[in-house]
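Full structure from sequences and hints, please.
What follows is each chain in one-letter form.
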Amino acid sequence: MSSLAPIRADAIETRRAETPLRRAMSDFVANPLAVFGLALLALIVLIAVFAPWISPQNPYDLAVIDVLDSRLPPGEKSASGQTFWLGTDDQGRDMLSAIFYGLRISLVVGVSSTIVALIIGLAAGLAAAYFGGRLEGAIMRIVDIQLSFPAILIALILIAVLGQGTGKVITALITVQWAYYARTVRSAALVEKRKEYMEAARCLALPPSHIVFRHLLPNCLPPMIVVATVQVAAAIALEATLSFLGLGLPITEPSLGLLIANGYQYLLSGKYWISFFPGIALVLTIVSINLVADQLRDVLNPRLQK
Amino acid sequence: MLVFIIRRGLQSVVVLAAMSLLVFVGVYAIGNPIDILINPQADQQDRERAIHALGLDRPLWAQYLSFLHGALTGDLGRSFVHSTSALGLILERMPATMELALAAMLIAVIIGIPLGLWAGLRPNGVAGRTIMAGSILGFSLPTFWVGLMLIMVFAVFLGWLPSNGRGETVDVLGVPVSFLTIDGLRHLVMPATNLALFNVALLIRLTRAGAHEALLQDYVKFARAKGLTHARVIGVHVLRNILIPIVTVVGLQFGSLIGFAIVTESVFAWPGMGKLLIDSINLLDRPVIVAYLLVIVTFFIVINLLVDLLYSALDPRVRLTETKG
Amino acid sequence: MTPAEDPVLLVEGLRTHFFTRAGVVKAVDDVSFQVRRGEVLGLVGESGSGKSMTGYSLMGLIDPPGRIVAGRIVLDGIDLRALGAEAMRQLRGNRIAMIFQDPMMTLNPVLRIDTQMIEAIQAHARVSQAQARARAREALVKVGIPSPDERLDAYPHQFSGGMRQRVAIAIALLNSPDVIIADEPTTALDVTIQGQILYEMQRLTRETGAALVWITHDLSVIAGLADRVCVMYAGRIVEEGDVADVLARPRHPYTRGLIDSVPSNNVRGQRLKQIPGMTPSLLALPAGCPFRERCARAGAQCVDAPPLRGFGAPGQMIRCHYPIVEEAVPA
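Residue numbers (our numbering), protein chains in the order written: chain A, 1 to 306; chain B, 1001 to 1325; chain C, 2001 to 2331.
A couple of the hints might just be wrong.
[Said to hold, decoys possible] Okay, the calculated beta carbon distance ranges per label pair:
1. Gly2269(C) <-> Arg214(A): 39 to 45 Å
2. Gly137(A) <-> Ala2284(C): 48 to 54 Å
3. Ala138(A) <-> Ala2284(C): 51 to 57 Å
4. Arg194(A) <-> Ala1127(B): 37 to 43 Å
5. Leu1216(B) <-> Ser2032(C): 27 to 33 Å
6. Ala138(A) <-> Asp1046(B): 41 to 47 Å
Since the hints were derived computationally from the structure, they do not count as laboratory data.
All C-beta atoms, glycine included, are put in the ideal place defined by N, C-alpha and C.
Now the structure itself:
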């Protein structure tokens, strides 16, 4: 005789549906540091976008700057009564305005190179994971070799070979970055590929593009987002380093790195502000991006979702 | 074990050959080889003579062979600027870079691993969180900016340390080193610390992650169940496991330190290979660039090989399966 | 060897709670039992029943956010909860030892076997390296591992699963503990190896007179091995008694359900019997009897949590308002 009863419908609880996105967002804002980073980043992006409108002075309009105003410390006024809140550089340019414009250029170069590198890396990684075999071996071998060298070295050699100029700097940045994306995408795609529903999809003879775009790609997105965010910061830092070394952007595109380089020679004589303030701007940009990226990594990491 | 060494050695030779081919192609086939090897200031007659002398009018494969030959015998051309052997210039500057890199690695290990261990063992304490926040800074801050700040604070405002150059050197086994003199140390401190920063942050995070993960493992619970002291559980069981990936990272990072040193050497005017490279790029002294590339690539390959050997020596699981195969 | 009279291990009213962000998880909720020397006690339950947590609580291995909040644990007259950390450490691995489920993970993969055995000895006694190694070697022989000298120099990954578990057992026996807690030691092994290990454990406990607490979800293991059994559900003991009595005449509906759901107890060709529903999340336990939602015998009284009281054969205890009173389970 059985002492067991049929299943009662109300015995099974249902919890309010919590989409991954909603949970990710609420996890994100749980960390005050990350929220601070996001706010700071938003401010920086706004400054960069609206630079021409909010700068006190257009530092690259030769008619406005006066070389007699050069190397004034922060807070001094110009002959025409304008206050230079962060001082002036050796050409008489207002540092605050130069920084706003410089932020713009640094961000544009960093973000655009990241986007292109991401597309290339995504394509390479997905192809490697999906087709496997010799193609995968070849691509990953190249990726491994490239990643075993420091980015700065690769960038420098490329500049040495290709020459200088904005396009070449962006090319160098792209070349340095694509490998990270390729490797991340391939790992994530491989994990997905081994799952059983992929076997099923292949048995159903679904077209490869469907499998790749509907199944492999969405699974790679969380780690990609994290890598991309970190890489933007790294690209900005790398461009600044190259410009500081004199091998980056030309003088016509004065990024923060160039501003810092300009001020380097005056550092020893105590005119620190020409390098210092652009440096602070650079650091704030990079740190805020990294704060956001750090939290994104914890939030999007499936292993930590326990 | 011997088989493993031989196999990896052969792999390294293959990679080295491939890289030499890449450098050759980059310099001779893509770039304008005439400009690279012949001083652009030479006049037409000299150029033609030089072209013939350098064999640039021969087929490409023949040129590659003589390039290889030159590389193996240590002749990588003469610097335009200094008119001495390019390879010689690099080797002359190598001790300075090595000293900087080694000092930086030492600082990174001494500071990074204990801090990371602490943060991993007490992740929720104030110290733990501060250390992790600090490590984010270590990653984010661009090396050159930190260097500038160090100079600003310690050399300009406080006047404690010199702002550039290398200090007095003493010859040890024919190699000039500067850390044995007070003056040398004073010059070494800032650039080495600057260079170490990224790795300090990296080691902190790595050690912390390793310790954190290790503590969750069953073998830690089992070690405690055996009644072992806390010191032994952490010091032997946890440490031995996390040291393996850390040691390999330290080894691999050493190579990248040589790369990052380029920036630090420029900021602090440290007379190493890196500064030479930057100057050469600016002055278009291409033979030196080529020589630097080949030296660096060789260096990286050697480091990778040594790290692999070290890894298999440390991790018994890897070592024994390799010898079975 | 007949079990002596006084219990070597006495557990009374043990409660281990985990204070998480999502709420309080009462992993072990009022657990009491006794084990005498040479006796084997089975602790049976599904995952999440609190059986492993009971084992860890006995060993003092509960980490924050968990804590033992109430109860007594007395090992051969020593009140374990009153001990400081260092005193507890001295007893662990010495008078009370534990064997874990997955031996690949419990043995440290980068340390040699002899290192891991010698340190267990040297943590509790001042013996030389050579003496400790000799004792380790003896222990390996006792658990039936061939070529013990070579095995001592080896690493865990060079052993098969069954061998590794034997090593873990040897380590547990090294200091001749009074109580051994075995947490599902055969679950990760093949069935044939399982049989061997069970036989070894039985032999060793009879020989050494240690008390054995065997934690498992597998009733068939208990049937062959244990003297007494405690059935756990949602952190509480719901039925307790001599193995023969409990398996032949289970009084609690959950125990009955467990026995019925063993495939070999089912009639061929008919639907397999199963307990409906799922084990409740320990965060959201319903008030009253935790088994209420899945129980066919649930009635009005079940809104109040039932107490543990004697019922059925002598020494049998049950926590139920409507225990089963029918006779034996059909063979």
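- Task: Provide an ascending list of the numbers of those earlier hints which the structure does not satisfy.
- Result: Every hint satisfied by this model.
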